[in-house]
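Trainee: Input sequences plus hints: build the corresponding full structure.
Those sequence lines, one after another, are chains A and B.
For the first sequence, position 74 (counting from the first letter as 1) is numbered 816 according to my numbering, and the numbering increases by one without interruption.
For the second sequence, position 7 (counting from the first letter as 1) is numbered 749 according to my numbering, and the numbering increases by one without interruption.
Hints listed in this document are in silico derivations from the structure and should not be mistaken for laboratory results.
Certain hints may be false.
Identical copies look the same in the list; a pair holds intra-copy or inter-copy alike.
[Stated by the list, open to error] List time: in silico DSS-like cross-link candidates among lysine-lysine, alpha-carbon distance up to 30 Å:
{"no.": "1", "residue 1": "K1101", "residue 2": "K996"}
{"no.": "2", "residue 1": "K996", "residue 2": "K1045"}
{"no.": "3", "residue 1": "K1036", "residue 2": "K1092"}
{"no.": "4", "residue 1": "K1168", "residue 2": "K1179"}
{"no.": "5", "residue 1": "K768", "residue 2": "K996"}
{"no.": "6", "residue 1": "K1057", "residue 2": "K1045"}
{"no.": "7", "residue 1": "K1057", "residue 2": "K1101"}
There are 2 protein chains.
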Amino acid sequence: MLKVVKFGGTSLADAGQFRKVADIVKSDGTRRYVVASAPGKRNPHDEKVTDLLLQCYRLAKDKKNIDDIFERICARYRDIIAGLGLNLSLEEEFASIKTAVLHRAGRQYVASRGEYLNSRILAAYLGFAFIDAEDCVFFDEADRFIPEKTNRELKKLLEMHEFAVIPGFYGINADGSIRTFSRGGSDITGSIVAAAAGADIYENWTDVSGMLMADPRIVKDPKPIPEITYRELRELSYMGASVLHEEAIFPVRKAGIPINIRNTNAPGDPGTMIVSKATTNVVDTVITGVAGKKGITAIHVEKDMMNSEVGFGRKVLEVLENRNVPFEHLPSGIDTMSVLVTSAAIEECKGAITAEMVKTVNPDSITLVENLALIAVVGRGMVNTEGTAARVFTALARENVNIRMIDQGSSEINIIVAVEEKNYEKTINTIYSEFVK
Amino acid sequence: MLKVVKFGGTSLADAGQFRKVADIVKSDGTRRYVVASAPGKRNPHDEKVTDLLLQCYRLAKDKKNIDDIFERICARYRDIIAGLGLNLSLEEEFASIKTAVLHRAGRQYVASRGEYLNSRILAAYLGFAFIDAEDCVFFDEADRFIPEKTNRELKKLLEMHEFAVIPGFYGINADGSIRTFSRGGSDITGSIVAAAAGADIYENWTDVSGMLMADPRIVKDPKPIPEITYRELRELSYMGASVLHEEAIFPVRKAGIPINIRNTNAPGDPGTMIVSKATTNVVDTVITGVAGKKGITAIHVEKDMMNSEVGFGRKVLEVLENRNVPFEHLPSGIDTMSVLVTSAAIEECKGAITAEMVKTVNPDSITLVENLALIAVVGRGMVNTEGTAARVFTALARENVNIRMIDQGSSEINIIVAVEEKNYEKTINTIYSEFVK
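Mentor: See below:
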């Protein structure tokens, strides 16, 4: 058994959090490789070290004084080191970083230093080796991540150390510059390390006890999801559920390594297991989760005898494709077709798209219905449970929510509805309450 | 007020039926133009005159004797004439038609004579003028119907006669040959005459008291539909509801003339009014009708990250379009898309389509799910009634019908579901019973 564990910013925000992390790592000897983030917020009004570093970068660029802010950064680390009673000095590192910031160091280099310094401290505290990400995470000349070379070199370095800490978020490109992942940050590094180490499990420790069945800003105290498949996760995250970024999941998904989302502040909680194939399809709530997004527009096209016109649908999609607008759904009647797109995607070209459709398919009418929201009810449990659709629609009818579109059938694990934006929160709450008692 | 009335084959099958037709026409002085079909079946084991004529045509082509069958045709007409006590002889016509059949007359000419002769008798019995369709219904050199010329010439002829009978089903082409409508027959002629006459209503008299809410072969004694919009009609008829052919509706729909489907055998029944705009949207059954068709295949395409690939949907449709396969529905998930097509449309090219999709969009998997049926629940009343979807799905769940696809949203007047073929009849009965008490 080998576990790769990644800790997020709040899990490593101060000495107290470092102690929790050390307890977690030390309590299980198979937790051999640790990926660390930069110190996050200690309280809602606090600042993240990475944000402070970026402030320094901007000030330096404008030739302004960075002393005060840089001092706050150093203080964060000094506090952690002192709080842990460590015999470690990073003063030389601080000085060298400050010099770099003042002498036109790249933005991504500056941004990456939060992880670098935090990982140095964590390695010292755990008594683990420190493996710098710039020695094993590679980007090419166009700053695209190189998975093969990274995997090969990382594997070599990991084999040299039974226990190690690796900073997340960054790597190095072909000309020797530090490069950061544009999205997903340390989660990606954790996933890459897990794949290279051939881990049995990738633990992603954060400040929540796993993924929640619904957005806690909409539903009060939603339940955590014990187990979710990659496919369910993707359906929910596409719909806006806050979760690991796609790119962060890809390396472990490809390697067949399950992800366990855990809570550093409640290490006894089992968290959420993200798996390729669920251990059980019997989900007592039937649904795994519900998520959605606002800002959807339906382009409603009507044309008599449309259905006998082979190529009609393709032509409508081509107009969108020419403007690089992806479509979300495409419900069709006999003489009508609707294309649901994000309002943002057509914001700039609404008029042009309408005009081009008129020209291309000569419809009887085109109507834009704006301010719609999409809501996805997702769950592998739906495959084996008849009547889920009936429960969803009965609950929504009871609450007088007018359903503007229903799409079910391509994936057996979801039902997608469109409602007016003003009914968005009500729809999510109604569906959640229907399935979760 | 001016009504154009068309009578179908069973309405003009014998002298008794002719009397009913005459009563109907004479009871309302505004029923000025009558379009007549050929004599239909008098009982389930009877033969239609048109079928007998086509038998003669085939025999003559094979140089076989037509005497017996041709005599049966003449007998039908002689019986009607005698039964009505008419002072009319068609013997010269019979002889001339027989000669033509034996001397390589065209198949369409032969097929058209049933309407011609029946209309001659009806005109005489009603005391109306006889206007031959070959003088006013025109086809071009490619045998396509010419609406403009027909409308102009027909108008002239109608203006010359206050009351007239016009045979349905045929007209004449550019080189003087009789041509018949390939589908829709006398219904089309009725519709064309109604448009040319500027009728206030087009009455289509048949042997049922209007359109039924469901197929009577599936649902026991379904209720007739009092009023249906053209749009609802098209949704239902596309799904296989037996009704006027598309081309038969077009001329009156274009002219804004409502169609009234009536029953010659129950002239007191109001029948079904087919209208552009319903006089009321309050339908006590909520739904207007339910119809469906078997023989549907779902082509299920899965591909990781499909959704971020602009053009994916268009490429899938293009593969179908290149093989001239229209799609029925296109439900889509995040990484999945299904294209529902008729099984017949892909029968010959299943393998090729799959191979081309693999080549074009490189999916993770393509699965064909065969033996599905589509069922459309149609009704303008659904727009103003929340919870219709809930009722449909609750009823189906109660009957353990597994829904394979739901498409609602483009047209507000329908909900379309896909189920396995074996559940087709059960689905239609369940939905009908849910809404019709």
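Trainee: For this structure, which hints from the list above don't hold up?
Mentor: Every hint satisfied by this model.
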